[in-house]
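Q: Sequence:
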Amino acid sequence: MLFPRVEEWVGYTPLANATGDPAISLPLGHDPDTNLPVGMMVTAP
11 MLFPRVEEWV
21 GYTPLANATG
31 DPAISLPLGH
41 DPDTNLPVGM
51 MVTAP
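Numbered per our numbering, the sequence shown spans residues 11 to 55.
Calculated from the structure, these hints are not laboratory results.
Any given hint could be a false lead.
[Stated by the list, open to error] Okay, the calculated beta carbon distance ranges per label pair:
1) PRO55 with ARG15: 26 to 32 Å
2) TRP19 with PRO42: 28 to 34 Å
3) LEU25 with PRO47: 16 to 22 Å
4) THR44 with TRP19: 17 to 23 Å
5) VAL48 with VAL16: 16 to 22 Å
6) VAL16 with GLY39: 15 to 21 Å
7) LEU38 with ARG15: 15 to 21 Å
8) VAL16 with LEU46: 17 to 23 Å
9) LEU25 with ASN45: 24 to 30 Å
Values in this document were obtained by computation on a predicted structure and should not be read as measured data.
Yeah, the Cβ is synthetic: ideal placement off N, Cα and C, and Gly gets one too.
Please build the complete structure, drawing on both the sequences and the hints.
A: This is how it looks when you write it as structure tokens:
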């Protein structure tokens, strides 16, 4: 049950990690109009 919850927060980060690229997924908050979560993923070659 933990993995589906973690997957909601990390997005495509496991794919970047599997290829050896450093990556991080950062939750930034919620959109005030839709109340949906907003985040950003940063990767490096």
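Q: Hints first: check each against the structure and report whether it holds.
A: We went through each hint and held it up to the structure:
1. PRO55 with ARG15: 26 to 32 Å: Given range 26 to 32 Å: holds, Cβ gap about 29 Å.
2. TRP19 with PRO42: 28 to 34 Å: 20 Å, violated
3. LEU25 with PRO47: 16 to 22 Å: 20 Å, holds
4. THR44 with TRP19: 17 to 23 Å: Given range 17 to 23 Å: holds, Cβ gap about 18 Å.
5. VAL48 with VAL16: 16 to 22 Å: 18 Å, holds
6. VAL16 with GLY39: 15 to 21 Å: Holds: the Cβ-Cβ distance is about 19 Å, inside 15 to 21 Å.
7. LEU38 with ARG15: 15 to 21 Å: 19 Å, holds
8. VAL16 with LEU46: 17 to 23 Å: This hint holds: roughly 19 Å between Cβ atoms.
9. LEU25 with ASN45: 24 to 30 Å: 28 Å, holds
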